[in-house]
Amino acid sequence: MKKSISLLILILPLLGLSIFAQYQVEKRFEFPLPSIVEVKPSSFIYFWGSLLGLRRVSSDLAWIRLLQYYGTLEGEEEHVHHLHHHQRGEYEELFPMCQEVVRLDPYFHYAYLFGGGTLAFNHQRYDEAIELLQEGIKNNPKFWKFRLYIAAIVYTKTKQYDKVVPLLEEAIRYRDCPEVVKIFLANIYKAKGEYVKAIAIWENILATNRDEWARSAAESHLKEMEIPR
Amino acid sequence: MVAIRTENLTKIYIRKHLFSSKKTNALENLNLEIEDRKVFGLLGLNGSGKTTLLKLLVGLLFPTKGSVYIFEQKFPHLSLLSRIGYLPEFPCFLMYLTASEILHFYGKLYGLSTKEREKKVEETLDLVDLKENRNDRLADFSKGMLERIGMAQVLLHDPELLLLDEPTSGLDPLGIKKMRQTILRLKEEGKTILLSSHFVTEVERVCDQVGILHKGKLKRIIKMRGLKVSLEDLFTETVSEAV
Amino acid sequence: MKKIFAIAEYTVKENIRHKVFYTILLFALVIIISSVLFSMLSGEEETRVILDIGLGAIEIFAFLSAIFAAVGLVLGEMENKSISLILTRPVRRFEYIWGRYSGILSISLFNILLMSSGLLFLLFIKGWSFDFRFLLAVTFIFLKVVIISALAILISLISTSPISSISMTFFLWVLGHVTDHLKYLNHVLLEEGVKITIFLKAIYYLLPNFQYLNIKDYIGYPNPLVGTTIFWQVAYSLAYASVATWLSVLVFSRKEF
Ligand SMILES: Nc1ncnc2c1ncn2[C@@H]1O[C@H](COP(=O)(O)OP(=O)(O)OP(=O)(O)O)[C@@H](O)[C@H]1O
Ligand SMILES: [Mg+2]
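Protein chains in written order, with our numbering: chain E, 1 to 229; chain P, 1 to 243; chain V, 1 to 257.
Because the hints were derived from the structure by calculation, they are not lab data.
Remember, it's a predicted structure, so these values are computed and weren't measured experimentally.
In this text, a Cβ means the ideal position worked out from N, Cα and C, and glycines have one as well.
Here are some, though not all, of the chain V residues that point toward chain P, as calculated from beta-carbon distances under 7 Å:
no., residue
1, 14
2, 17
3, 81
So, partial list: chain V residues that the calculated Cβ filter (under 10 Å) puts toward chain E:
no., residue
4, 206
5, 225
6, 235
7, 246
Using the sequences and the accompanying hints, generate a full structural model.
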């Protein structure tokens with residue numbers, strides 16, 4: 001009995017310390033992820049992943065699913081080749097899927113860039129693209145590239161391609177620039193007759209990208225412009 | 001000196017079930033005194049409370065009532081445990097260790113230095129004829145070998161008081177004979193031994209004194225020296241008159 | 001101290017002789033390596049996926065091995081009574097518990113270090129540039145294991161069967177990751193007119209709070225943790241784990257064998 005009491009005397013201050021420390025942590029640091037209940041994930045896998053503390057893995061799985069949905073196998077030839085070919089209604093789920101990825105992990109920068117770029121430059125779904133990127137700005141106020149992309153998208157929407165070019169020229173200088181953006185810029189160059197610049201981008205894609213479809217798109221463009229390689 | 005003394009030692013097991021609880025009076029008001037340098041045999045039928053008593057004497061169980069003194073010191077007391085060697089009824093080990101590893105581990109718990117341990121472990125392994133198996137895993141041991149390891153861990157730290165719970169159960173005739181020799185040798189070395197058994201003949205051969213335990217009560221203490229009647233008759237008589 | 005060390009040492013020995021230990025490690029390495037397959041599907045985000053799956057695997061398998069050690073070895077030892085040969089030697093009950101606990105932590109630390117070096121190696125092959133937040137994430141995975149191992153021991157002492165211990169521990173692991181939702185629940189209940197704020201708050205502070213320790217999940221968070229936050233997080237983990245372990249000692253010292 002006496003032993004138990006002395007143990008309790010030892011335990012209580014430690015319990016106090018643990019509560020105090022937790023309070024201190026919370027005071028300094030707001031938990032940075034939206035509740036999984038609010039995210040309403042489309043699959044129980046993401047839900048359980050989050051419950052097990054695997055939020056980023058869930059986001060990655062959603063991301064892989066998005067890429068598979070967007071398909072890198074067939075149909076992509078067209079959407080990289082022809083700028084204004086796509087109708088709304090194709091890849092209807094693309095936007096909600098992007099949203100799910102970035103709600104599972106709000107700090108997944110590339111997902112915003114990829115989603116925004118693809119929605120805007122491949123599918124002319126400018127509003128959705130801007131909405132996604134704005135969510136990115138809200139979650140990552142210091143990540144300025146989102147603003148750059150929004151600007152480019154707004155100008156593209158109003159067909160002010162002269163203003164788009166310098167913005168995208170800046171965007172493609174960074175490593176995290178999605179291929180869609182490069183391809184879009186190359187197509188603008190081509191339309192404007194600046195073949196040298198367009199070719200430079202295609203060759204860059206060919207040199208740096210390991211992705212089968214981006215490479216074949218680049219190759220066929222180069223062939224089209226009769227650049228032997 | 002008195003090696004073991006119990007005062008009104010009582011143990012009541014309480015088994016809690018969902019709505020009821022079942023009480024078993026395993027030991028009732030046991031008053032026992034055991035002289036040192038003697039072999040004391042605890043004789044009783046199954047379920048008479050022998051194991052319970054031994055466990056109370058090593059602190060695995062806590063008395064419901066009463067107290068235990070070992071070498072005139074109130075038990076439980078940590079330093080007393082270094083002077084006791086305990087052989088459980090069913091010795092069970094950490095099967096993933098080898099014979100010498102487990103003895104080294106127990107040796108460390110007594111705070112023996114590496115050198116002392118080396119020496120002690122070799123000695124005891126020799127004593128129980130397990131020298132060749134010292135690097136075999138206990139998982140590969142036969143039952144008899146495990147019993148011997150059990151004895152080795154009793155002797156490891158050279159205790160003054162040995163509490164052996166049915167030391168001969170599970171041994172072959174040769175093993176039983178060796179055990180008897182070991183006990184007699186230890187007695188000669190001046191150890192105090194308390195052993196439990198339900199084999200009258202075993203107890204008869206090695207003990208100086210025998211206590212008959214029946215349904216948790218100490219019925220009789222018999223001095224073996226100069227005993228005229230046979231112990232077996234005494235035992236059956238005691239047990240049946242108590243019914 | 002010596003005795004705590006001796007018990008810790010044999011816990012480690014016992015563990016590394018167990019097949020389960022290697023199965024867990026092997027499985028973890030297989031998953032870490034197969035994260036490369038997933039990364040191939042992830043476009044430009046290869047190293048991110050390897051990093052995430054790798055850290056996730058490290059945590060889950062460190063968690064599993066801690067559960068196995070705490071429930072399998074400690075509960076197993078009490079069930080097969082081999083513990084009686086330890087407690088009948090001059091070992092205090094708290095020495096046993098702390099010895100076991102530190103043994104389990106040593107194994108977990110070893111596991112985590114081994115798995116993270118495997119992961120680092122893989123990441124470097126894939127051209128990942130080192131980020132110190134990796135070390136922070138791994139450290140905090142260890143802190144989570146520090147807490148859950150202490151709880152697993154406590155639970156195995158209270159419950160009676162391995163299955164119930166394992167499921168209880170698992171349950172606490174999940175709850176610990178959603179403690180924030182208790183606030184949400186409180187909010188909802190208040191709107192319904194149910195006032196149990198104090199009760200919920202007590203639960204909130206008594207449950208392990210893994211959410212805040214789960215740095216690997218918000219590694220990309222733009223406002224990185226500052227030193228004092230990290231200090232309090234470490235203090236929290238150690239204090240919480242000590243409370244659980246001393247409670248185990250309390251329960252254990254009343255146990256009969
Ligand atoms: N852990 C326990 N919980 C409840 N009752 C118990 C417990 N252990 C023993 N008992 C009861 O206490 C009594 C004494 O048991 P004990 O094991 O001491 O007998 P024993 O003399 O050693 O018998 P045996 O010769 O069979 O070994 C028995 O009735 C037994 O059912
Ligand atoms: Mg018995």
